[in-house]
Amino acid sequence: MHTLFGHIARILGVLTLLTALQNVEALPAYARQTGQNCVACHVSFPELTPYGRLFKLTGYTIGERQDVPLAAMLQVGVASTANNRNANGNEISPRNDVIAPSQGSIFIAGKATDNIGAFIQWTFAYQNIDPNSGNVFWHSGSDNTDIRAVGRSADATQTDLKWIYGVTLHNNPTVQDVWNSTPAFGFPFTGPPNVPSPTAATQIEGAWAQQVAGLGGYVFYDKTWYGEATLYRTADGVFSFFRAGNWAGLGTGAALDGYNPYIRLAYNKEWGPNSFMVGMFGWRINVFPDDLIHNGPTDRYTDLAVDSQYQYITGEHTFTMQGSLIHESQNLNATYPSGGSANPSNTLWSDKIKATYYYEHQYGATVGLFDIYGSKDAILYAPGTVSGSSNGSPSSTGYIVELNYLPVQNIRLMLQYTGYTKFNGGNTNYDGFGRTAKDNNTIFLNLWAAF
Amino acid sequence: MKSYSKHLYTAMALIPLMTGSGFAADAPPIDQASAKIAVNICSNCHGPGGHSISPLFPRLAGQQEMYLAAQIKAFKEKARGDPEAHDYMWGMATLLDEPMVAGLSKYFAAQTPSAGTPGNPELIDAGKKLFFTGDPEKGILACAGCHGQDAQGNAIFPRLAGQHKAYLVRQIDVIQRQLRQSPIMHGVVQNLEPAQINAVTEYLSSL
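Protein chains in written order, with this note's numbering: chain A, 1 to 451; chain B, 1001 to 1207.
Careful: at least some of the hints might be erroneous.
Said to hold, decoys possible - Below 25 Å or equal to it, Euclidean Cα-Cα: the simulated DSS-like pairs (lysine-lysine) are: (1) A/K269 - B/K1073; (2) A/K269 - A/K422; (3) B/K1165 - A/K269.
As the list claims (entries may be wrong) - Computed, partial: chain A to chain B, Cβ under 10 Å: (4) E64; (5) Q103; (6) T159; (7) Y259.
Keep in mind that the hints were calculated from the coordinates and are not lab data.
For clarity, every value in this text was computed on a predicted model and none was experimentally measured.
For glycine and all other residues, C-beta sits at the position ideal for the given N, C-alpha and C.
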C-alpha cells in the first residue's frame, strides 16, 4: 500500500506540473480548429456528446482549417496485478508496480476542406515485450485512422440539416462509429499494458485494429436514422500505411480474404438534455489463418451485435450508459482440419455494459460489467499458465470500476480497478496451473494528457 | 429605490430609440450565406431554426436581433466570461465576420419563436407575479419593464418567453456570480432567492 501511495504522490506531482504548464488555449487539434473546449464534443475523451457525434459525422470539418493540424497525447501510469508471477515463477508484466509511460501519440487531425477531414494517429508504444529476451522495448506504428469526405443538405425550410452523408476510409472496424457502445472507442477507453486479459474475444473487438482497410459509406437522416455499409480488406499494397509498424509478416497473424462486409444501423433520438440510441452492427469475414499465405481454405466469422446508448448531459451533471451484446458464429473451415481447434464450428458471446457519472465535467466515476461465454473448445482454449483454460471454456466475467479527475479538460487522472469473478472458464485453478481468476485483478493509476 | 427604478426604466426605454431599433424598418431578406451557416453549424447545438432541444443551449428562434448581435460580439471579444460562453462560443464567434454576425442575428430573429413548455401552475402564478411586479422589499425590479409584457424582449433586452428553464436558471446564476457581465442585470438579480428564480423561470419557459 505504501508503494501505491508513493506512486499516487509521484503522479500527482507530474499532474501538477502539467497543469501549471497548461493554459486554456493549449488544446488539441479539433479544439484549436473550432475554438471550442473539449466538453463541447466529449463527455470525457473519447466519449462523444451529441454535438461531438455531428462533428465526426460531418467529417471533422466544422471550424477553421489550421495550418498545423497537429495534436499529441501521452499516457503515464502504474499497474499492479494481484499475482504477477506465472506458474514458472516468471514475471508476467516486467513493469508491474513501476511508473512508466505506456503510450504516446501524435495526431494529424482536422479539416482539409469544407468537405474533407481526418483523424490520423501515430502511436509510440513504450512497453512492448521481446518474446525471446523478455525485455521491454518501444516501437511506433500506425494507430486509429479515419479519413472522411462528406456532404450535407438542408431541409425545405432552410432551418435544419436533413441529410448528412459521407464516405470513410479507416483502419479499425468501428473506429468510424460515433456511439461509444461499439468496440473501438468503447469502455474501457484505456487500460494497463501487458496485464493478463481474457483469451476469448470476438473478431470485431480489436483483433483487426490497424490490420485492415475499410471503405464505407454512410447516411444520417433527420439526425435520427443512421445507416452505414463498409467493406474491409487486408491493409496491404496501397493501404500498407494503415498497418505500418503493426504487421510482423511472420506468418503468425491472419489476413482477410477479399472484401468483407460490415453493416451498421441505428435509431437516434434527442429530447431535452437526453439522447438515446439503439442499433445493430455486424460483419462477416473470411480469414486466412496464415497472414503470408493468401490462398486455400478460410475460417468464416459472423459477428452480429445489438447496442444501445443513453446520455443525460447538463452543465452540472452528466450521466451516460452504453451496452452491447455481440454474438459470433465461427466456422473454422481452415483451422479445424489443420488441428487448430477441437470443433469445426463454435459460438462466442461478448456482453458489456457501463454507466458513468460526471460532476461538472471534472469528477467522474464509471462502473462496467463484462461477460464472455460460448462453446467449449479444448484446443482453442487449451490449458497453459496464465492465459490458458483447464476446461476449454472461453468464459470470463468481471467488472471495471474507474474514478476520474480532470483538473483541466485535456488532462485525465484515472484510477481503474479490473476484477474477475471468472477467467478463461474458471474461478480457481482456471489455467490448470493453480491460478485463480482474482490473481488477475489489476489496479491501474494513469495520467492521460492530450495537447 | 423608487427613484432609482424610475431612472433605470427611463434609461432602458431610451436605448431602442437611440439605436433606431424601435422602428419597423424594411428589413433586407436573409442572405443565403447566413442561412447556410445557421443550418450547417449553428443548428448542431441550437437546433433547427434556433429551436434547440438540449437546455444546455439557448433557443434562438425569435430572439431579438440586436441582443443576438451584441452577444456574438461579446463572444468574439471574449467579454462574456461565463463557462459555457468560453467552452462553446468564443471560438465559434471568432469565425464570423461582421456581415455574418448581422446576417445570423437577422436569421434567428426572423424565425417563429418556440412554443412554451407547460409547467407547475402554482409556480407559474408566483413567477408571473414576480415578473410583473418585482419584489420591492428586496429591490428587485419587475422583469416586464425591460423584457416586455409578453417577455418578448426589446432591442438589447432578450426574449425570455419559451426559453429553456434550465438555461434561464443558469444565466441568472452566472450573472449573480458575475461570471457573465451584464451591468443592468447584476443589480436586478443579485437579491433573487432560489425559490423566486425557480418560479420566474417556470413562468417564462411556459410562455
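Checklist entry - Is the hint on A/E64 kept, meaning its closest Cβ partner in chain B is under 10 Å away? => result 6 Å, holds
Item to check | Distance restraint between A/K269 and A/K422, which requires alpha-carbon spacing of 25 Å or less | outcome: Cα-Cα ~37 Å, so violated.
Item to check | Interface hint outcome for A/Y259 [beta carbon to chain B under 10 Å] | outcome: A/Y259 check fails; min Cβ-Cβ to chain B is 33 Å, beyond 10 Å.
Next on the checklist: Checking hints one by one. Is A/Q103 an interface residue toward chain B, by the C-beta closer than 10 Å rule?
Outcome noted: 28 Å, violated
Item to check | 25 Å limit on alpha-carbon distance, applied to hinted pair A/K269 and B/K1073 | outcome: At roughly 33 Å apart (the allowed maximum being 25 Å), B/K1073 and A/K269 break the hint.
Checklist entry - Are A/T159 and chain B close enough, Cβ to Cβ, to be under 10 Å, as the hint says? => result 3 Å, holds
Item to check | Agreement of B/K1165 and A/K269 with the hint, judged by alpha carbon distance not exceeding 25 Å | outcome: 21 Å, holds
Violated hints for the displayed structure, listed by number in ascending order: 1, 2, 5 and 7.
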